[in-house]
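S.K.: This is what each chain is made of:
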Amino acid sequence: MNFLINYEEATSMVLFAIGFTMLVFSKNIMKKILGLNIMDTGVYLFLASMGYIESKLTPIVPANGEVNVSDYINPIPAGLVLTGIVVSVSFSALMLALTVRLYKKYRTLNLDEIYEKCSTEDEYE
Amino acid sequence: MEFIKNFPFITIVLSLFCAVICYAFKDKKARFVSYFLLVLSGALSASVLAYNLFSETGYFAYRMGHYDAPIGNEISAGILEPFFALLFETVMFLSLVGGANRILKDVDKSKHRFFYIMINLTHAALMSLCYTNDIYTAYVFIEICTIASCALLMASKKDRSLVAATRYTIFSLIGSSLVLIGIVLLYSVTGHLLFPQIFEAIQTLWATGEYTAPLTIALGLIISGLAIKSGMFPFHWWMPDTYGTATPSASGILSGVVSKGYIFLLLKMIYRVIGINVYMESGINNILLVCGILGMVAGSVSAIRTNKITFMTAYSSAAQIGYIYMGIGLGTKAALLASLFQIVAHALTKPMLFLSAGGLSDTVGGKQDFDSLRSSAHYNKSAGIAFAAGSLSMVGIPIFAGFIPKMLFAISAFGHGWQTYIVLLALAISTILNVIYFLRTLINIYSPAIVDLERKKITLGTVKAFSVIVLVMAAVNIAVGLHSQPIISLFEKGIEIFMNIR
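If you're matching them up, the sequences are chains A and V in order. If you're matching positions, the first sequence starts at 1 in the working numbering and goes up one per residue. If you're matching positions, the second sequence starts at 1 in the working numbering and goes up one per residue.
Honestly, the hints are just simulated from the structure, not real lab data. There may be inaccurate statements among the hints.
As the list claims (entries may be wrong) - Partial chain A-side listing against chain V, Cβ under 8 Å, derived:
(1) 23
(2) 25
(3) 30
(4) 32
(5) 36
(6) 41
(7) 50
(8) 53
(9) 69
(10) 90
(11) 101
(12) 102
(13) 103
In this text, a Cβ means the ideal position worked out from N, Cα and C, and glycines have one as well.
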């Protein structure tokens with residue numbers, strides 16, 4: 001029954017597993033990039049759910065400056081999620097740029113076909 | 001003298017700053033900015049090392065921003081951190097200067113400055129991996145290092161480099177995603193991001209027996225992620241394409257420095273975050289030991305089977321990294337010392353081998369197969385000498401740097417029960433295999449030619465920088481091999497601080 005109580009964590013692990021499987025086993029390079037993003041989203045959900053504490057406030061200091069730490073949710077995971085998003089966007093951009101160049105050269109997105117075409121080119125000889 | 005404590009931070013920020021300003025410069029200036037950065041950073045790292053050697057504790061933690069631990073971010077330096085920072089900078093500088101001619105040839109002219117921007121980013125990331133005391137900062141800089149390394153690989157004009165970059169990127173992504181989920185799990189269990197606080201929390205939890213399963217899983221994920229990224233067996237299949245298609249400077253930096261950056265971070269994770277007791281009790285050390293030994297043999301067998309010089313050198317990297325993991329798997333201080341020395345020996349030797357292999361293949365119009373390369377050492381004498389020195393070092397001939405770690409591994413193997421026999425046997429088999437492929441290549445490049453090819457004589461005068469650098473690398477290799485004791489003493493002192501002071 002822990003899965004029902006910790007449903008956010010369970011969902012995030014399922015997302016991570018789906019994304020990881022796509023990244024490792026999919027032959028299509030676009031699907032690999034999608035897998036990467038799904039996997040990262042799973043991790044961010046896990047982080048965000050850890051920082052959230054029910055019935056607590058957003059961690060912004062009120063105008064009167066009175067702060068009671070126990071009134072707020074944990075702000076650190078949110079910072080980590082933002083950093084992580086920047087990283088995964090950069091990686092997606094790099095992979096997409098690589099995909100464009102690969103497609104221009106080999107006219108396919110299937111990695112097996114690309115490896116096959118590449119190994120038949122006798123570049124080194 | 002307190003000002004020296006700012007140097008690690010300055011090194012990282014300076015690299016990031018240089019990466020930005022390189023964009024505004026033309027190719028030649030961008031190149032000199034990178035050289036200047038590496039020399040200056042090397043001087044800063046040497047100062048930090050000297051400061052810690054003569055200071056009372058030999059260690060300091062530097063607060064980043066306005067908040068103390070456990071809220072704020074930190075970087076820390078003992079003796080090993082600045083030593084490896086200095087080693088990485090030296091090797092990067094030598095690889096870049098030695099391979100500058102090939103960079104001009106292999107990298108598209110419009111991309112030269114981007115190549116140097118990526119060098120600066122790789123440097124920033126490696127320095128952060130050496131100095132950081134925060135687990136999430138480590139993850140971010142792992143990713144920066146990966147992106148910069150992929151870009152270094154993609155810069156080559158060869159079409160095959162795209163495929164190699166794709167393979168490398170996918171393997172790296174799998175590795176970093178495992179590290180990320182491991183770090184998140186660790187944070188969820190311990191509630192901290194700084195190394196000393198996580199260490200304390202893990203020790204308490206492990207002693208009470210709470211969260212043993214999540215901790216073991218997190219530990220396994222982080223270690224396997226970093227192992228994939230550094231090319232441990234059975235995840236070494238990206239190596240030949242990656243190192244074989246990049247320009248020799250990039251190959252040297254990727255194999256000699258970047259993979260070692262990940263391994264150094266892994267050592268920090270094991271000794272400073274997880275704790276050696278937890279690591280040994282979890283049983284993961286035995287997996288690393290077995291994978292390391294299998295890598296030593298499998299890498300060498302693949303190197304024997306290939307017929308291209310760069311692929312052979314790349315597969316040899318897989319074998320040499322196997323040695324490092326074997327030491328990490330044994331888990332004792334003596335084995336750690338041997339692994340650290342192996343990192344030094346390999347970082348000094350492998351870029352020299354890649355540069356000299358590039359120099360040899362230049363004599364026969366870029367061909368890399370052994371038949372074409374016969375007699376090439378006579379046409380490029382400095383490359384031949386450097387390749388010979390590198391090969392003998394990799395085999396483990398005394399007076400070369402590669403001999404010392406092999407001896408240290410053999411000494412550290414005793415007193416371990418079943419591991420002793422396996423390690424000694426693996427060392428013997430691996431050395432014989434190394435002899436087969438390195439000496440075969442060496443004999444080949446000095447033997448009379450059998451293929452009729454147009455050959456280009458490369459004299460010392462035509463490629464001065466290359467010749468000087470590869471010969472300097474060979475001399476450094478021999479110097480380290482002959483005078484290993486000061487480095488061993490430094491490591492012994494460094495290991496004490498690394499394991500005990502937080």
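S.K.: It remains to establish, for every hint, whether it holds in the given structure.
M.R.: Evaluated hints:
Interface restraint check for residue 23 of chain A: the shortest CB-CB distance to chain V comes to about 6 Å, inside 8 Å, so the restraint holds. A least Cβ separation of about 11 Å between residue 25 of chain A and chain V goes past the 8 Å threshold, and the interface hint is therefore violated. Contact between residue 30 of chain A and chain V, as hinted, is not supported at the beta carbon level, the nearest pair being about 12 Å apart and thus beyond 8 Å. Taking 8 Å as the C-beta cut-off, the interface hint given for residue 32 of chain A holds, the closest approach to chain V being about 7 Å.
For the restraint placing residue 36 of chain A at the interface with chain V, the shortest Cβ-Cβ distance is roughly 6 Å, inside the 8 Å limit, so the hint holds. Among the interface hints, the one on residue 41 of chain A is violated; its C-beta lies about 12 Å from the nearest C-beta in chain V, farther than the 8 Å criterion. Here the hint on residue 50 of chain A is kept, as its CB sits about 5 Å from the closest CB of chain V, short of 8 Å. The beta carbon of residue 53 of chain A comes no nearer than 13 Å to any beta carbon in chain V, farther than 8 Å, and the hint placing it at the interface is violated.
Because the smallest distance between the Cβ of residue 69 of chain A and any Cβ of chain V comes to about 11 Å, over 8 Å, the interface hint for this residue is violated. At its closest, the beta carbon of residue 90 of chain A sits 6 Å from a beta carbon of chain V; the interface hint therefore holds under the 8 Å criterion. Hint on residue 101 of chain A holds. Least Cβ distance to chain V is approximately 6 Å, under the 8 Å limit. Interface restraint check: residue 102 of chain A against chain V, minimum CB-CB distance 6 Å, threshold 8 Å, status holds.
For residue 103 of chain A, the interface hint is violated, since its Cβ never comes within 8 Å of a Cβ in chain V; the closest pair sits about 10 Å apart.
Hints 2, 3, 6, 8, 9 and 13 from the earlier list are contradicted by this structure; the remaining hints agree with it.
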